[in-house]
Amino acid sequence: METLITLLVGVLVSVATYLLLSKNLIRVVLGTAILSHAVHLLLLTMGGLKTGSVPILEDGVGTYTDALPQALILTAIVISFAVTAFFLVLVYRTYQTAGTDNLNEMRGSSDE
Amino acid sequence: MNNILVFPMVIPVITGVALLFFRSYPAVQRWSTIAAMLSVFAISLWILEDVRSNGIMRLDFGGWTPPFGITFVADSFAMLLVAAASFVSLICMLYAVFAGDKRREYYFQYTFMLLLIAGVNGAFLTGDLFNLFVCFEVMLLASYVLMTLGGEKKQLTEGIKYVLINILSSWLFLLGLAYVYGTLGTLNFAQLSLRIAEAGQPPILTAISILFLAVFSLKAGLVLYFWLPGSYSALPTAVSALFAALLTKVGVYALFRTFTLLFYHEPSITHTIIGWMAITTLAGGSLGAIAYVDIRKIAAYNVVIAIGFILVGLASNNAAGIQGSIYYLVHDIVIKGLLFLIIGTIIYLTSNARLDRTSGLITNYPILGWIFLITTLSLGGVPPFSGFAGKLMIGQGAISSGEYVMVGAAFLSSLFVLYSLIRIFLNMFWGEVLIPRKHQIPLPFPLLAPLVVLAIVTIGLGLGMDFMAPYVTDAATVLMNPEVYIEGALDNE
Amino acid sequence: MRENDVILQTVSKVAVFIILTFGMYLFLSGHHNPGGGFIGGLTLSSAVILLYIAFDVESVNKGIPVDFKLVAAAGVLISVLSGTGALLFGADFLSQSFAYFDLPLLGKTELTTVVLFEAGVALAVVGVVVTILINISEDV
Numbered sequence: 001m002e003t004l005i006t007l008l009v010g011v012l013v014s015v016a017t018y019l020l021l022s023k024n025l026i027r028v029v030l031g032t033a034i035l036s037h038a039v040h041l042l043l044l045t046m047g048g049l050k051t052g053s054v055p056i057l058e059d060g061v062g063t064y065t066d067a068l069p070q071a072l073i074l075t076a077i078v079i080s081f082a083v084t085a086f087f088l089v090l091v092y093r094t095y096q097t098a099g100t101d102n103l104n105e106m107r108g109s110s111d112e
Numbered sequence: 113m114n115n116i117l118v119f120p121m122v123i124p125v126i127t128g129v130a131l132l133f134f135r136s137y138p139a140v141q142r143w144s145t146i147a148a149m150l151s152v153f154a155i156s157l158w159i160l161e162d163v164r165s166n167g168i169m170r171l172d173f174g175g176w177t178p179p180f181g182i183t184f185v186a187d188s189f190a191m192l193l194v195a196a197a198s199f200v201s202l203i204c205m206l207y208a209v210f211a212g213d214k215r216r217e218y219y220f221q222y223t224f225m226l227l228l229i230a231g232v233n234g235a236f237l238t239g240d241l242f243n244l245f246v247c248f249e250v251m252l253l254a255s256y257v258l259m260t261l262g263g264e265k266k267q268l269t270e271g272i273k274y275v276l277i278n279i280l281s282s283w284l285f286l287l288g289l290a291y292v293y294g295t296l297g298t299l300n301f302a303q304l305s306l307r308i309a310e311a312g313q314p315p316i317l318t319a320i321s322i323l324f325l326a327v328f329s330l331k332a333g334l335v336l337y338f339w340l341p342g343s344y345s346a347l348p349t350a351v352s353a354l355f356a357a358l359l360t361k362v363g364v365y366a367l368f369r370t371f372t373l374l375f376y377h378e379p380s381i382t383h384t385i386i387g388w389m390a391i392t393t394l395a396g397g398s399l400g401a402i403a404y405v406d407i408r409k410i411a412a413y414n415v416v417i418a419i420g421f422i423l424v425g426l427a428s429n430n431a432a433g434i435q436g437s438i439y440y441l442v443h444d445i446v447i448k449g450l451l452f453l454i455i456g457t458i459i460y461l462t463s464n465a466r467l468d469r470t471s472g473l474i475t476n477y478p479i480l481g482w483i484f485l486i487t488t489l490s491l492g493g494v495p496p497f498s499g500f501a502g503k504l505m506i507g508q509g510a511i512s513s514g515e516y517v518m519v520g521a522a523f524l525s526s527l528f529v530l531y532s533l534i535r536i537f538l539n540m541f542w543g544e545v546l547i548p549r550k551h552q553i554p555l556p557f558p559l560l561a562p563l564v565v566l567a568i569v570t571i572g573l574g575l576g577m578d579f580m581a582p583y584v585t586d587a588a589t590v591l592m593n594p595e596v597y598i599e600g601a602l603d604n605e
Numbered sequence: 606m607r608e609n610d611v612i613l614q615t616v617s618k619v620a621v622f623i624i625l626t627f628g629m630y631l632f633l634s635g636h637h638n639p640g641g642g643f644i645g646g647l648t649l650s651s652a653v654i655l656l657y658i659a660f661d662v663e664s665v666n667k668g669i670p671v672d673f674k675l676v677a678a679a680g681v682l683i684s685v686l687s688g689t690g691a692l693l694f695g696a697d698f699l700s701q702s703f704a705y706f707d708l709p710l711l712g713k714t715e716l717t718t719v720v721l722f723e724a725g726v727a728l729a730v731v732g733v734v735v736t737i738l739i740n741i742s743e744d745v
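Residue numbers (the numbering used here), protein chains in the order written: chain L, 1 to 112; chain W, 113 to 605; chain A, 606 to 745.
Next comes chain L alone, as it looks inside the complex (with noise of 0.2 Å):
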């Protein structure tokens, strides 16, 4: 199981270093969201799968299984959420500013 986790995260971090890779920057979005997954994913597979109950206290179970990956998890999806939603709208006010979602046409600063 670990080991079809990860590859999963290999096929995740290949599709988004793919969408990183190109010029519109919606696709870029999209890239650093799955890229957060990916990783995400990685994390949880770090910790064990599956190797005990859940982790709250009951009665006639002894095992549970390492609440800590859990709990980074739910934090690192809270930050990446608002990451994402951040630069979700930043990438919508630079289109509207700019007038083009094209990364090439933002390099340097012809403007001044």
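Simulated from the structure, these hints should not be mistaken for lab results.
Small disclaimer: the values here were computed from a predicted structure and weren't measured.
Ideal Cβ positions, reconstructed from N, Cα and C, are used throughout, including at glycine.
Treat each hint with caution, since some may be false.
No more than 27 Å apart at the CA atoms, straight line, and that leaves these computed lysine-lysine pairs for DSS-like [claimed, not checked]:
id, chain 1, residue 1, chain 2, residue 2
1, L, 23, W, 265
2, W, 265, W, 409
3, A, 618, A, 667
4, L, 23, W, 266
5, A, 618, A, 674
6, W, 265, A, 674
7, W, 409, W, 266
8, A, 674, W, 214
9, W, 214, W, 265
10, W, 214, W, 266
11, W, 273, W, 409
12, L, 23, W, 273
A few chain L positions that, by computed beta-carbon distances, are all more than 10 Å from chain W [unchecked claim]:
id, residue
13, 3
14, 55
15, 61
16, 87
17, 106
Got chain L; can you put chains W and A on it based on the hints?
Quick look at chains W and A alone, frame taken from chain L:
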């Protein structure tokens, strides 16, 4: 139980968020911001003194003892940086208040500046790797907003690059966290240090450490500084001073923490790489500093040079080098704030950023001119200003570990610093007076006051070296002896 | 571009209350079972978002005259202040405690300070999510 430790982070958060309710009252926003920063500065000085006399302080959030809970750990190194950062941000805030940009104030400029400071202070104080990430993100999100607030075209296009590069580095940071957790099963600094020492830092951990090196280098602008000059020159004055003084320093702090506390067992690999990265940074920064005529770019490349210089101290990996780096870090926080405030003021007064279009400013604004000269000399490391002690000790450290190339590069870069800033001074302040006194834009005293204060501080830090010495020595002792930190951070009485 | 969305509007009038109730349930059950302020807050905000989808921004703003930025700010303040409240009792920052009380109607009930913290989280989540989505959708 040392609840006071949480205040440098919580006071800015509470004030910043509470300011959201006072959108239409700029006076309330301004003065509560200043009050908050004053109290943070006072508290951090108090903690600094307490830490020096009573040893490392620790706060377990919610009473969860380490290594399980969230902890804040304060040693002298962290507290020196918190105090310096709080002081410089106080001054930058004062400048922002006096500059009084109504539109930015309406869009919560102070809230985001306070959140940025909360993130910076949190990053200095935190006792585990994951909260370092969280504090980085708090700081970065605030910086994204400050960077693009106002929505001019240049800000937006530079903002996109800045955000994108930081998202990538945050991704690498999380990747490193995942690997560290997978291999060592903990993220608490002290426990990580113990476990790495037990394992003797096998190659896999060294590889992970290189990943962290890449992440923090990107944040600090070590070699990977290509994003820095463009983004820093698109900012309003007070914010650019805040960025230049704080953001890269947090990356430097993280580098020092990880490579003195965690991954210090293979200096022949890691510290050699850091050394070469420092040399490359010095070379690249020096070339950039003399290549441009845009004074904002010149100032931004000076930030890069300073990072290279500080890292020479870490690469030489001995007490003298580390002490020098700490001196230089504190000095650099102050002086880069001052430099960017001056540059911003010059641009405000002359409304152009090229050094070949203005001259004779010293006749129009004598005090500004002399402050700029002090800044130049201090950055160049001329005694009696604050840059001297740091440069001297970093040099001593590098010589005693036999790194003569680094010594050469470091001191050569100081010449470039001096040259690049003297060039600004000669071109803009000296020479023919272009602006007749009748037509000059007045420079009100309140706008000048923050600069004067910082200039006095840089002289004071230079002359009062002995006053700072016990704190710096204590900080360097903790950095050079990880067991002191571990005892302070893990000991459960 | 006004479409005829009678079905969506009629359904959401009922569904919003179901979602709100479920959100509150998730929020309150968080102490001993899966749930909590974050998830509760997300569910609550999804109800508000549904309203914005089914009706237009103006009429929802008229019905709920709340600035969601301030909701978020209030949430963060409540959370942080509930953490600092522990300082007054000489405990560590963010320490929580609980006790059992005999309340009329409910009988013996467990009351905890963590509810305050979680309420702050929930408010912050609702405020932030709604603010973000309104901002993105505002002038598209």
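Here is how each hint holds up against the structure:
no. : hint          : verdict
1   : L:23 x W:265  : holds (18 Å)
2   : W:265 x W:409 : holds (18 Å)
3   : A:618 x A:667 : holds (16 Å)
4   : L:23 x W:266  : holds (18 Å)
5   : A:618 x A:674 : holds (25 Å)
6   : W:265 x A:674 : holds (26 Å)
7   : W:409 x W:266 : holds (14 Å)
8   : A:674 x W:214 : holds (20 Å)
9   : W:214 x W:265 : holds (20 Å)
10  : W:214 x W:266 : holds (20 Å)
11  : W:273 x W:409 : holds (17 Å)
12  : L:23 x W:273  : holds (12 Å)
13  : 3             : holds (14 Å)
14  : 55            : holds (13 Å)
15  : 61            : holds (20 Å)
16  : 87            : violated (6 Å)
17  : 106           : violated (4 Å)
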